[in-house]
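Protein chains: 2
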Amino acid sequence: MRYELYYWPEIQGRGEFVRIALEETRADYVDVARLSGRGKGVRTMMRLLEDPEIGHPPFAPPILKAGKLVIAQTANILLYLGPRLGLVPKAEASRLWAHQLQLTIADVVAETHDVHHPIAGSLYYHQQKRESRRRAGYFTAERMPQWLGYFEHTLAGNRKGSGYIVGRALSYVDLSIFQLIAGLRYAFPKTMQRLEPKYPGLVLLHDKVAARPNLSAYLSSERRIPFNENDIFRHYPELDA
Amino acid sequence: MRYELYYWPEIQGRGEFVRIALEETRADYVDVARLSGRGKGVRTMMRLLEDPEIGHPPFAPPILKAGKLVIAQTANILLYLGPRLGLVPKAEASRLWAHQLQLTIADVVAETHDVHHPIAGSLYYHQQKRESRRRAGYFTAERMPQWLGYFEHTLAGNRKGSGYIVGRALSYVDLSIFQLIAGLRYAFPKTMQRLEPKYPGLVLLHDKVAARPNLSAYLSSERRIPFNENDIFRHYPELDA
Numbered sequence: 112m113r114y115e116l117y118y119w120p121e122i123q124g125r126g127e128f129v130r131i132a133l134e135e136t137r138a139d140y141v142d143v144a145r146l147s148g149r150g151k152g153v154r155t156m157m158r159l160l161e162d163p164e165i166g167h168p169p170f171a172p173p174i175l176k177a178g179k180l181v182i183a184q185t186a187n188i189l190l191y192l193g194p195r196l197g198l199v200p201k202a203e204a205s206r207l208w209a210h211q212l213q214l215t216i217a218d219v220v221a222e223t224h225d226v227h228h229p230i231a232g233s234l235y236y237h238q239q240k241r242e243s244r245r246r247a248g249y250f251t252a253e254r255m256p257q258w259l260g261y262f263e264h265t266l267a268g269n270r271k272g273s274g275y276i277v278g279r280a281l282s283y284v285d286l287s288i289f290q291l292i293a294g295l296r297y298a299f300p301k302t303m304q305r306l307e308p309k310y311p312g313l314v315l316l317h318d319k320v321a322a323r324p325n326l327s328a329y330l331s332s333e334r335r336i337p338f339n340e341n342d343i344f345r346h347y348p349e350l351d352a
Numbered sequence: 112m113r114y115e116l117y118y119w120p121e122i123q124g125r126g127e128f129v130r131i132a133l134e135e136t137r138a139d140y141v142d143v144a145r146l147s148g149r150g151k152g153v154r155t156m157m158r159l160l161e162d163p164e165i166g167h168p169p170f171a172p173p174i175l176k177a178g179k180l181v182i183a184q185t186a187n188i189l190l191y192l193g194p195r196l197g198l199v200p201k202a203e204a205s206r207l208w209a210h211q212l213q214l215t216i217a218d219v220v221a222e223t224h225d226v227h228h229p230i231a232g233s234l235y236y237h238q239q240k241r242e243s244r245r246r247a248g249y250f251t252a253e254r255m256p257q258w259l260g261y262f263e264h265t266l267a268g269n270r271k272g273s274g275y276i277v278g279r280a281l282s283y284v285d286l287s288i289f290q291l292i293a294g295l296r297y298a299f300p301k302t303m304q305r306l307e308p309k310y311p312g313l314v315l316l317h318d319k320v321a322a323r324p325n326l327s328a329y330l331s332s333e334r335r336i337p338f339n340e341n342d343i344f345r346h347y348p349e350l351d352a
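Sequence order for the protein chains is Y and D.
If you're matching positions, the first sequence starts at 112 in the working numbering and goes up one per residue.
If you're matching positions, the second sequence starts at 112 in the working numbering and goes up one per residue.
Everything labelled a hint here was simulated from the structure, so no lab data went into it.
Among the hints, erroneous ones may be present.
As the list makes no split between identical chains, a pair holds if one copy fits it or if it spans any two.
[To be verified] Listed below are the simulated DSBU-like cross-link pairs for lysine-lysine, each with C-alpha atoms no more than 30 Å apart in a straight line:
| # | residue 1 | residue 2 |
| --- | --- | --- |
| 1 | 271 | 201 |
| 2 | 201 | 176 |
| 3 | 309 | 319 |
| 4 | 176 | 271 |
| 5 | 271 | 309 |
| 6 | 301 | 319 |
| 7 | 319 | 271 |
| 8 | 201 | 240 |
| 9 | 176 | 151 |
| 10 | 271 | 179 |
| 11 | 151 | 240 |
| 12 | 151 | 179 |
| 13 | 309 | 151 |
| 14 | 319 | 201 |
| 15 | 201 | 179 |
| 16 | 319 | 151 |
| 17 | 240 | 179 |
| 18 | 240 | 176 |
Nothing here was measured: the structure is a model prediction, and the numbers come from that model.
The task is simple: from the sequences and hints, build the whole structure.
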């Protein structure tokens, strides 16, 4: 099966959580909006978003096409891909658990985005900078420790003792935690430097994932878009207490 | 199977999306934190949240216990319950589609909550009122039409032409849309009065769901907690342009 991923070509964004799952497993996929030519590019993605004939219209990217299926919502795409890419255990209980963690990661991602956009997505950061600074203070002091503490505790509590967060082997949730840690380090380097000693399991997991041959090759390739200030994880020093 | 639902006893909140699915199908369930006595009440819920022995710790309520399974994240609970309560079609494509819509509803719910909490969940509304007013202006002018427009368009585009949003029959997504419309009406009555004529399909769906015998009986019972200002949907007139 050749998968088609549709996502904004100039940011990692939510699409990255899908991309790293495809990259780690060397899945056959086309990153449609990043290519040019017939049936490629952002215009093709926009047409997919606006297609009146599409039975299941997505609200926003990322979108995965898998044969006739058109699937949106990052965690939903990973719910679908997980078993097909061998990135989640077989039992229903494990799949629900992995998905639950992925939805919790999605909550962190949305909350992190809103640190630089607390008022409206349609405004620029500089138009809501004052409110952002105020929100960032609570985010770095309260929420980051809460979220990181939850994932650290959950990782340590995995009865399989594998160092992975779900069951015995690598899952798409581990890949997403890698991406979350990488993003938070980029956006809030000072805060992370201060916090990380409290979450050694997460740091170890991040490093273990980053060192996997397929992922490591991907991260040093041109396919990995650099973090930047149009993305979810943005480095604004004034927001990093 | 007797299900156990764990959620804050004094608000509808996210738990309500689960509760109305259980109520509509007259499922056998116990609303644990709303009862008193041994093994009941909020303290039992807090113990479940803090239980070091629990293999799959939830970050927050709602939580559903189904036999040995402990499931959190509203949309994940409905993903599990949907087929068991007959509230979603059997085909995988339909289940993914229903879940995708439910995740989009979850996004609206989170965004609606943050209208009155744009800075921090740990502050009171009155401590972030100025920022709330600013956010509410964009929410009512831009986001509500965007979200409602998306669901109206999706409902109208259902090829089964059933008046329901997924396939031929009522699904948990229809129940959630009912709850979303009811909540937005409570929180933003003026805005909704102005917007509703543009979304006749959603209004009809809301009314059709509300009139179903089981749901209607539930809504007029004491089991339905009234909307209030500790909840996600809050009526602050100054936020309703």
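Do the hints match the structure? See the list:
Taking the shortest alpha-carbon separations for residue 271 and residue 201, only the intra-copy value of 15 Å comes in at or below 30 Å, while the best inter-copy value is 33 Å. Taking the closest pair of Cα atoms, residue 201 and residue 176 come within 30 Å of each other both inside a single copy (23 Å) and across two copies (21 Å). For the homomeric pair residue 309 and residue 319, the shortest alpha-carbon distance inside one copy (18 Å) is at most 30 Å, but the shortest distance between copies (52 Å) is not. In the homo-oligomer, the alpha carbons of residue 176 and residue 271 lie at most 30 Å apart only across protomers (22 Å), although the nearest pairing inside one protomer, at 34 Å, exceeds that limit.
Taking the closest pair of Cα atoms, residue 271 and residue 309 come within 30 Å of each other only inside a single copy of the chain (22 Å); across copies the shortest separation is 53 Å, beyond that limit. Proximity of residue 301 to residue 319 under the C-alpha cut-off of 30 Å is restricted to the intra-copy arrangement: shortest distance 22 Å within a copy versus 53 Å between copies. In this assembly of identical chains, residue 319 and residue 271 lie within 30 Å of each other by CA distance solely inside one copy; the values are 17 Å within and 48 Å between copies. Taking the shortest alpha-carbon separations for residue 201 and residue 240, neither the intra-copy value of 46 Å nor the inter-copy value of 48 Å comes in at or below 30 Å.
In this homomeric assembly, residue 176 and residue 151 come within 30 Å of each other (Cα to Cα) only inside a single copy, at 13 Å, whereas the closest approach across copies is 46 Å. Within a single copy, residue 271 and residue 179 get their C-alpha atoms only as close as 37 Å, which misses the 30 Å cut-off; across copies the closest is 18 Å, which meets it. With identical chains, the CA atoms of residue 151 and residue 240 are never at most 30 Å apart, being 36 Å at best within one copy and 46 Å at best between copies. Taking the shortest alpha-carbon separations for residue 151 and residue 179, only the intra-copy value of 18 Å comes in at or below 30 Å, while the best inter-copy value is 47 Å.
Taking the shortest Cα distances, residue 309 and residue 151 never come within 30 Å of each other, neither inside one copy (45 Å) nor across copies (34 Å). For the homomeric pair residue 319 and residue 201, the shortest alpha-carbon distance inside one copy (23 Å) is at most 30 Å, but the shortest distance between copies (39 Å) is not. Taking identical chains as interchangeable, the C-alpha atoms of residue 201 and residue 179 lie at most 30 Å apart whether they share a chain (24 Å) or sit on different chains (17 Å). Taking identical chains as interchangeable, the C-alpha atoms of residue 319 and residue 151 are never at most 30 Å apart, the minima being 34 Å within one chain and 42 Å between chains.
Neither within a single protomer nor between protomers do residue 240 and residue 179 lie at most 30 Å apart by alpha-carbon distance, with minima of 43 Å and 47 Å respectively. Within a single copy, residue 240 and residue 176 get their C-alpha atoms no closer than 37 Å, and across copies no closer than 43 Å, so neither meets the 30 Å cut-off.
Going through the hint list in order, the structure does not satisfy hints 8, 11, 13, 16, 17, 18.
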